[in-house]
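**Student:** If you want this note's numbering, it's the position in the sequence shown, counting the first as 1, plus 6.
Be aware that a few hints might be false.
Distance ranges between label pairs, derived from CB positions [said to hold, decoys possible]:
hint, residue 1, residue 2, range
1, Asp20, Ala45, 15 to 25 Å
2, Val52, Val73, 19 to 29 Å
3, Ala50, Arg22, 12 to 22 Å
4, Ala50, Pro18, 16 to 26 Å
5, Ile48, Pro74, 28 to 38 Å
Since the hints were made in silico from the structure, they are not lab data. By construction, the Cβ of each residue, glycine as well, lies at the ideal position given by its N, Cα and C atoms.
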Amino acid sequence: MTDAPYRRLLRPQDDRIVAGVCSGIGRYFGVDPVLIRVAFAIFAVVTWGVALIAYPVCWFLIPEAPVPAAPAWRDSSDPTWGRPTS
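Start from the sequences, fold in the hints, and give me the full structure.
**Tutor:** Okay, structure coming up:
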């Protein structure tokens, strides 16, 4: 996959509680996901639960971030095999 010249709103694989919607929104805007979760909870209370419909809609619309590639195993026949990598 090529790198886009713009930011993409994606649901991460690692920092999620339910589906990663608040975490993805927090990463997109550069805000702590906990603040997004608290704001969403307050918004749900203020709208008497109507805002709870937005979460599954966002879950469906925001694509999931691709899983990062696993590090390749080093071959023991490689002459640099026993040395530290960095």
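**Student:** Decide, hint by hint, whether the structure agrees.
**Tutor:** Evaluation of the provided hints:
no.: 1; hint: Asp20 with Ala45: 15 to 25 Å; in the structure: holds (21 Å)
no.: 2; hint: Val52 with Val73: 19 to 29 Å; in the structure: violated (36 Å)
no.: 3; hint: Ala50 with Arg22: 12 to 22 Å; in the structure: holds (18 Å)
no.: 4; hint: Ala50 with Pro18: 16 to 26 Å; in the structure: holds (22 Å)
no.: 5; hint: Ile48 with Pro74: 28 to 38 Å; in the structure: holds (33 Å)
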